[in-house]
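K.L.:
Residue strings, one per chain:
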Amino acid sequence: MHRFALLLALLAAACGGEPARPQLKPTDGWARESVASQTSAAAYFTIANNGTGADRLVGVKSEAASHAMLHSTMTQEGAVRMRHLQGGLEIPSKTAVELSPGRTHVMLTGLKAPLRRGEKVKLQLQFERSGRKQAVIKVLDPLSAGRQESR
Amino acid sequence: MIRVIRLLLWLLVLLAGAGLAYLALRPAPETQPPRGMASLGGPFTLVGADGRPFSSARLNGRPYAIFFGFTHCPDVCPTTLARMVRLRNQLGSGAEAFDILFVSVDPARDGPGEVGAYAGLFGSPVIGLTGSQAQIDQVKKQFGIFSQQAPDGAGGYTIDHTATVLLFDKSGKFDSTISPEEQDPAALAKLKRITD
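Taken in order, these protein sequences are the chains called A and L. Quick note: the first sequence, position 71, residue 71 per the working numbering, numbers continuous. In the working numbering, each residue carries its 1-based index in the second sequence increased by 1000.
Please keep in mind that the hints were generated in silico from the structure rather than gathered at the bench. Note that the structure is predicted; figures quoted are calculated from it, not measured. A virtual CB, placed ideally from N, CA and C, is assigned to each residue, including glycine. Treat the hints loosely; a few may be bogus.
[Said to hold, decoys possible] In silico EDC-like pairs for lysine to aspartate or glutamate, Cα to Cα no more than 20 Å straight-line:
#	chain 1	residue 1	chain 2	residue 2
1	L	Lys1141	A	Glu77
2	A	Lys138	A	Glu98
3	L	Lys1140	A	Glu77
4	A	Lys25	A	Glu98
5	A	Lys25	A	Glu128
6	A	Lys138	A	Glu33
[As the list claims (entries may be wrong)] These stretches of chain A come out as covered by chain L in the derived footprint (C-beta under 8 Å, 3 or more residues):
#	stretch
7	36-50
8	69-82
9	121-130
10	139-145
Make the full structure from the sequences, and use the hints.
P.N.:
Below, the structure written as structure tokens:
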């Protein structure tokens, strides 16, 4: 079946058929509740790409914070480092890319108000090919390990 | 020629298979404390959320987990503290006798109020501590903690820091560590050991 699909895709490509297109859907957004003294928070979500082409998340904005950036967390010899993902985040076709604790997240800095449990925050995601998409971030109990738990 | 290539390809498949088998079957890496870790810890004085000195003498007779971070840390610190509290809840009996200490490596931004409010997010088992830069430097040295400022990309700074949790038994002796990558069952076994 796989081979057949591949053959079809090759044929389509050879005939100059439909160009490969990404088809993106951000889901399962969440963040932890924060307190007034915290000026930054991390937001996590999943981007499913059901299309045939890859895309790239290149920018994030949010009304909830003065800056929103893609960050990745790396561990080296027991020490963690958080770095701005300057080149954005690749979203290959037919995959779901998950932003999750300790790996990749959107860092919200300059929070305008603490994130309160139960409220929803909107993120404007800018993709290279698909343009703008919105991710809805649900604020969860700080002890939460993720969105799955809240279902 | 084709037969040779085919043979070579099969050899590659075999090698890959052997590699996978090794990865799957090797024993889980035990987080052995590096040399010199046995002397970690010892008495210290910091500042509690109430602004008063917090002496490690208060922990005497109680096992504790200690984690160094900062309240503006959005990802690793809340993830680690939330996990420690969840593990503590899973421990069941004996869990009341074990404290989780959160020590700020960012005393310039984290005063007693900040560490107190932040620790409060995770509930009563987390004790937020800060201190003067000199006190923090001293405690970092005692516990073998690394931290260093780095630009956050938005004009501010973030802090690279050790994210390993250190566990101490009720006599104040260093027991073991819990790393962020470590699976829950292994971490729970260590917590059981220090609370028994």
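K.L.:
Checking each numbered hint in turn, tell me which of them this model violates, lowest number first.
P.N.:
9
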